[in-house]
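Participant: Order-wise, the sequence lines are chains A and B. Mapping to UniProt numbering: the first sequence position 58 is 58, numbers consecutive. Mapping to UniProt numbering: the second sequence position 198 is 198, numbers consecutive.
It is possible that part of the hints are untrue.
Unchecked claim - Have a look at the derived ranges for each label pair, beta carbon to beta carbon:
| # | chain 1 | residue 1 | chain 2 | residue 2 | range |
| --- | --- | --- | --- | --- | --- |
| 1 | B | Glu401 | A | Phe397 | 23 to 29 Å |
| 2 | B | Lys326 | A | Phe397 | 49 to 55 Å |
| 3 | B | Gln358 | A | Glu451 | 22 to 28 Å |
| 4 | B | Asp369 | A | Arg75 | 41 to 47 Å |
| 5 | A | Lys289 | B | Asp328 | 56 to 62 Å |
Unchecked claim - So these bits of chain B aren't anywhere near chain A, every CB distance computed over 10 Å:
| # | residue |
| --- | --- |
| 6 | Ala32 |
| 7 | Lys36 |
| 8 | Arg61 |
| 9 | Ser113 |
| 10 | Tyr301 |
| 11 | Lys347 |
| 12 | Val357 |
| 13 | Ser363 |
| 14 | Met377 |
| 15 | Pro382 |
Everything labelled a hint here was simulated from the structure, so no lab data went into it. Virtual Cβ for every residue (Gly too), placed ideally from N, Cα, C.
Listed below, chain by chain, are the residues.
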Amino acid sequence: MAAVQETIDKVKAIDVDQYKYGFVTDIESELAPKGLSEEIVAYISAKKEEPEWMLNWRLEAYRRWKTMDEPTWARVEYPKIDFEDLHYYAAPKKREGLKSLDEVDPEILETYKKLGIPLSEQEILAGVAPEHRVAVDAVFDSVSVATTFKEELAKAGVIFCPISEAIREHPELVQKYLGSVVPVSDNFYATLNSAVFSDGSFVYIPPGVRCPMELSTYFRINEQNTGQFERTLIIADKGSYVSYLEGCTAPQRDENQLHAAVVELVALEDAQIKYSTVQNWYPGDSEGKGGIYNFVTKRGDCREKNSKISWTQVETGSAITWKYPSCILRGDNSQGEFYSIAISNGHQQIDSGTKMIHLGKNTASRIISKGISAGVSQNTYRGQVSAHRKASNARNFTQCDSLLIGDKCGAHTVPYIESKNSTAVFEHEATTSKISDDQMFYCQARGLNEEEAVALIVNGFVRDVIQQLPMEFAVEAQKLISISLEGSVG
Amino acid sequence: MNAPAKIQETNAEQSLNAQFDAIFAQTTQNNANQRKQAWEAFKAKGIPHRRVEEWHYTDLRSKMNDAFALASKTTPKAEALTGAGDLKTYRIAIVNGRYVPELSSNQEVTGLSVAETSGVLEAQLGTDDAMASLNQALVQGGVSIKIDANAKIQLPIEIVRYTDGSDVSSYAGTSVEIGSGAKALIIESFEGAANAAYQSNALTEVKVGDNADVHWLKLQVESQKAQHIETLSIELGAETNFQHFIYNEGSALSRAQLFLEFKGEGTHAGLRGTSLLKDSQHADITLFVNHAVPECESREYYRAVVDDKARAVFQGKIIVEQGAQKTDGQMMIKTLLLSDTAEINAKPELEIFADDVQCAHGSTTGDIDEDLLFYLMARGIPEAQARKILVLAFLSEAIEEFEEEQCVDLLEAMTRKWLHADDLVSE
Chain A
1 MAAVQETIDK VKAIDVDQYK YGFVTDIESE LAPKGLSEEI VAYISAKKEE PEWMLNWRLE
61 AYRRWKTMDE PTWARVEYPK IDFEDLHYYA APKKREGLKS LDEVDPEILE TYKKLGIPLS
121 EQEILAGVAP EHRVAVDAVF DSVSVATTFK EELAKAGVIF CPISEAIREH PELVQKYLGS
181 VVPVSDNFYA TLNSAVFSDG SFVYIPPGVR CPMELSTYFR INEQNTGQFE RTLIIADKGS
241 YVSYLEGCTA PQRDENQLHA AVVELVALED AQIKYSTVQN WYPGDSEGKG GIYNFVTKRG
301 DCREKNSKIS WTQVETGSAI TWKYPSCILR GDNSQGEFYS IAISNGHQQI DSGTKMIHLG
361 KNTASRIISK GISAGVSQNT YRGQVSAHRK ASNARNFTQC DSLLIGDKCG AHTVPYIESK
421 NSTAVFEHEA TTSKISDDQM FYCQARGLNE EEAVALIVNG FVRDVIQQLP MEFAVEAQKL
481 ISISLEGSVG
Chain B
1 MNAPAKIQET NAEQSLNAQF DAIFAQTTQN NANQRKQAWE AFKAKGIPHR RVEEWHYTDL
61 RSKMNDAFAL ASKTTPKAEA LTGAGDLKTY RIAIVNGRYV PELSSNQEVT GLSVAETSGV
121 LEAQLGTDDA MASLNQALVQ GGVSIKIDAN AKIQLPIEIV RYTDGSDVSS YAGTSVEIGS
181 GAKALIIESF EGAANAAYQS NALTEVKVGD NADVHWLKLQ VESQKAQHIE TLSIELGAET
241 NFQHFIYNEG SALSRAQLFL EFKGEGTHAG LRGTSLLKDS QHADITLFVN HAVPECESRE
301 YYRAVVDDKA RAVFQGKIIV EQGAQKTDGQ MMIKTLLLSD TAEINAKPEL EIFADDVQCA
361 HGSTTGDIDE DLLFYLMARG IPEAQARKIL VLAFLSEAIE EFEEEQCVDL LEAMTRKWLH
421 ADDLVSE
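Make the full structure from the sequences, and use the hints.
Facilitator: Dropping the structure here:
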């Protein structure tokens with residue numbers, strides 16, 4: 001028991017204050033006045049130089065939002081958010097007509113350098129492994145500041161640009177797909193996002209194209225008292241493939257910041273989308289003060305037959321996470337996957353999971369969720385698997401495992417299993433346990449010290465999910481896991 | 001009345017209003033307060049509907065079109081009551097919510113005492129469910145059953161709950177106290193006249209002492225048109241063995257809700273059951289198992305066979321409180337859907353606040369395994385019969401785990417009858 005006690009002591013002493021990305025970038029920025037009204041919505045729309053249909057779309061969403069109430073069903077607790085006390089738009093002061101990377105505010109570039117995101121293409125090309133190139137769209141507060149490799153992607157016909165640019169330049173695509181997966185009135189936060197989203201990424205992969213490189217977006221909230229509302233729309237046309245990565249960080253602030261994003265994925269016939277997230281928003285300090293409220297709606301639509309959408313997420317940050325990346329398996333033979341590692345420490349609260357909605361025939365889904373709770377955190381898996389009457393031969397396998405480190409934290413599992421078809425086969429299993437003394441003894445008897453032993457066991461615990469991440473991300477994720485549990489698992 | 005009514009009162013709620021006023025007018029002084037309190041608690045919530053998380057899959061508000069008039073006192077013929085069939089038992093008959101001595105056993109059993117009560121229960125054990133509150137507001141009668149410490153009751157105690165009449169409702173409140181070191185088998189049946197439409201709402205509170213050994217079998221064989229709601233709340237002492245089994249066959253709509261709390265360490269609770277559903281039956285089993293103390297073990301194993309347009313609902317929540325270390329909780333739900341219009345909704349939940357625990361839950365749903373069917377058919381068994389064999393095997397697996405042999409035989413016979421599989425050779 002001594003070893004266990006020591007682990008517990010370490011959890012107690014955990015210093016989440018050592019958030020590595022907690023610096024603030026001092027740049028001039030443009031802020032919308034606090035509060036939300038039709039004028040602010042119009043202000044944002046005007047700032048983005050949007051066409052009228054887009055403004056109307058936003059206004060409709062805003063009016064809907066006014067009639068909605070905040071959801072309270074999730075297992076998270078936080079003081080009521082004052083939606084009038086937020087800036088709904090923050091952008092680094094723009095210099096006229098940004099033409100190349102050289103014109104981007106050097107402070108911003110410095111920030112991304114600190115975050116380890118190579119924005120300049122040359123740098124990447126000179127890198128050690130040029131075959132592992134990643135095109136990056138960097139979103140700073142509410143605005144996309146730079147997108148790399150645009151030209152090379154354009155050669156393949158891939159459109160990868162800030163969504164504000166897509167609204168101006170590819171309105172036919174945006175109009176056709178925006179809001180088609182997450183409808184305007186889907187839920188409180190998605191509706192809010194629809195009204196005020198300021199930027200995000202837009203991806204279109206034309207038929208038969210395998211995207212030549214990984215696409216990536218890096219989100220950073222910098223400004224104080226702002227909400228970040230980005231919108232991502234990814235369309236994989238017939239027979240195409242894309243792998244998309246998303247990363248997030250924020251500075252340390254005493255107050256809570258709101259992040260309410262919407263991500264929509266559309267996979268057409270035979271297309272495949274792989275969406276990976278490493279979420280590392282500021283989780284608040286060791287007292288539970290500050291941190292990001294991460295209320296995100298992510299949904300993928302396997303719209304046509306033989307399509308596939310795969311979500312992989314590593315959740316280590318945010319004071320509160322409320323996030324359910326889902327798949328609508330509409331097309332026959334379509335597949336959905338959800339791989340998740342959710343680590344909570346300190347005072348973090350996570351309520352996350354997925355929905356797999358089987359509508360088409362022979363659809364298959366797989367859910368692997370690994371939750372690790374430490375400190376005084378609460379970690380909930382909430383997932384729904386449902387089969388429609390017509391979803392013959394639907395197949396689901398769900399596995400959610402929870403690992404508890406310390407006796408002050410909680411791990412909860414709330415699955416909803418709904419089957420209306422006799423040929424649908426659903427299997428669900430969940431376990432909750434701690435690192436056993438036997439496992440520790442086994443490792444330590446083989447010469448590992450205690451910290452190494454815990455690290456090894458935790459790594460083994462999450463391995464199924466780590467394997468699903470693209471290589472570049474897997475390395476980052478592994479590091480992140482050890483940082484997140486620093487002091488509790490070494 | 002004073003509370004701001006958010007939603008309009010339904011027909012059923014209006015009928016209940018009138019019923020409560022009538023019953024309250026003739027209530028004796030000692031019970032008035034408790035009834036009033038229970039009524040207020042019910043009024044604050046109203047009939048549960050799908051927005052109430054615990055009732056999400058059983059939208060009672062829309063399924064309960066009316067609240068039938070409270071059933072009057074009757075004494076049906078003894079033959080009308082089935083109970084545990086041919087088993088020799090100590091019978092306690094409750095008809096329309098009231099204890100009927102004429103239909104009950106009257107011999108002395110050492111260590112067992114049975115007394116008629118008003119049905120208003122002294123202590124409301126861990127439930128604030130609206131339908132349990134409603135029971136206490138309108139309760140028509142009940143019994144208190146006491147088993148002395150160290151009494152080993154050999155004879156099964158049979159509680160027959162019979163609702164007599166159609167378009168009536170019955171409310172019974174029962175308390176069962178089982179002393180430390182006692183041993184008992186309780187067989188409880190819920191029944192009524194065939195094809196009668198009635199509503200039965202039963203609330204039973206069970207307190208079990210330390211080192212006791214209790215087996216409890218519930219046979220829900222209400223009329224196919226009945227609505228059945230049963231709330232069972234159980235408190236278990238230390239080092240006790242408690243085994244519960246629900247056999248669910250009757251009712252158009254049924255809901256069995258179990259609230260179980262471990263009060264002493266080293267206790268084992270097994271909650272099992274089978275639901276056999278057809279036509280457009282809707283059967284809901286909802287559990288709240290609270291591991292409040294360390295070193296207890298719970299097993300929740302339920303199986304359902306759902307045919308035609310029937311719908312099975314299973315919700316189970318295992319809570320492990322902080323400090324309830326060394327808890328071992330395993331939950332498993334298996335369902336066979338036999339038709340394309342059948343439906344299953346399952347929600348096996350874990351809520352864990354202690355780290356040194358072993359908890360798991362699992363759930364499977366699907367059709368009869370084609371390979372198994374092929375195996376049997378390849379050996380000359382006609383398909384219809386092969387299917388019956390497989391369904392029977394599926395249900396028997398759960399039944400056999402209930403360790404009381406006489407109950408296992410009874411359950412298997414009832415299951416065969418439901419399957420029309422009397423012709424199948426046993427074993």
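Participant: All hints, please: hold or fail.
Facilitator: Do the hints match the structure? See the list:
A hinted range of 23 to 29 Å holds for the C-beta pair glutamate 401 of chain B and phenylalanine 397 of chain A, which are about 26 Å apart. Taken as a hint, the range 49 to 55 Å is violated for the pair lysine 326 of chain B and phenylalanine 397 of chain A, whose Cβ atoms sit roughly 30 Å apart. At roughly 25 Å, the beta carbons of glutamine 358 of chain B and glutamate 451 of chain A sit within the given window of 22 to 28 Å. A C-beta distance of roughly 36 Å is found between aspartate 369 of chain B and arginine 75 of chain A, which places it outside the suggested range of 41 to 47 Å.
Checking the proposed 56 to 62 Å range against lysine 289 of chain A and aspartate 328 of chain B shows it is violated: the Cβ atoms sit about 38 Å from each other. Non-interface status of alanine 32 of chain B relative to chain A is upheld: no Cβ of that chain comes within 10 Å, the nearest being about 36 Å off. Against chain A, the non-interface label of lysine 36 of chain B holds: every CB pair exceeds 10 Å, the least being about 30 Å. Residue-level check passed: arginine 61 of chain B sits 19 Å from the nearest beta carbon of chain A, beyond 10 Å.
The claim that serine 113 of chain B lies off the interface holds: its Cβ sits roughly 43 Å from the closest Cβ of chain A, which is beyond the 10 Å cut-off. With a least CB separation of 14 Å from chain A, tyrosine 301 of chain B remains clear of the 10 Å interface cut-off, as annotated. At the 10 Å boundary, the C-beta of lysine 347 of chain B falls inside the reach of chain A, the nearest C-beta of that chain being 5 Å off. Not every beta carbon of chain A lies more than 10 Å from that of valine 357 of chain B, the smallest distance being close to 6 Å; the non-interface claim is violated.
The non-interface label for serine 363 of chain B is inconsistent with chain A: the shortest C-beta to C-beta separation is roughly 4 Å, within 10 Å. For methionine 377 of chain B, the shortest C-beta to C-beta distance to chain A comes to about 19 Å, beyond the 10 Å cut-off, and the non-interface label holds. Once the 10 Å rule is applied to beta carbons, proline 382 of chain B is consistent with being away from chain A; the minimum gap is 20 Å.
Consistency note: the structure conflicts with the earlier hints numbered 2, 4, 5, 11, 12, 13.
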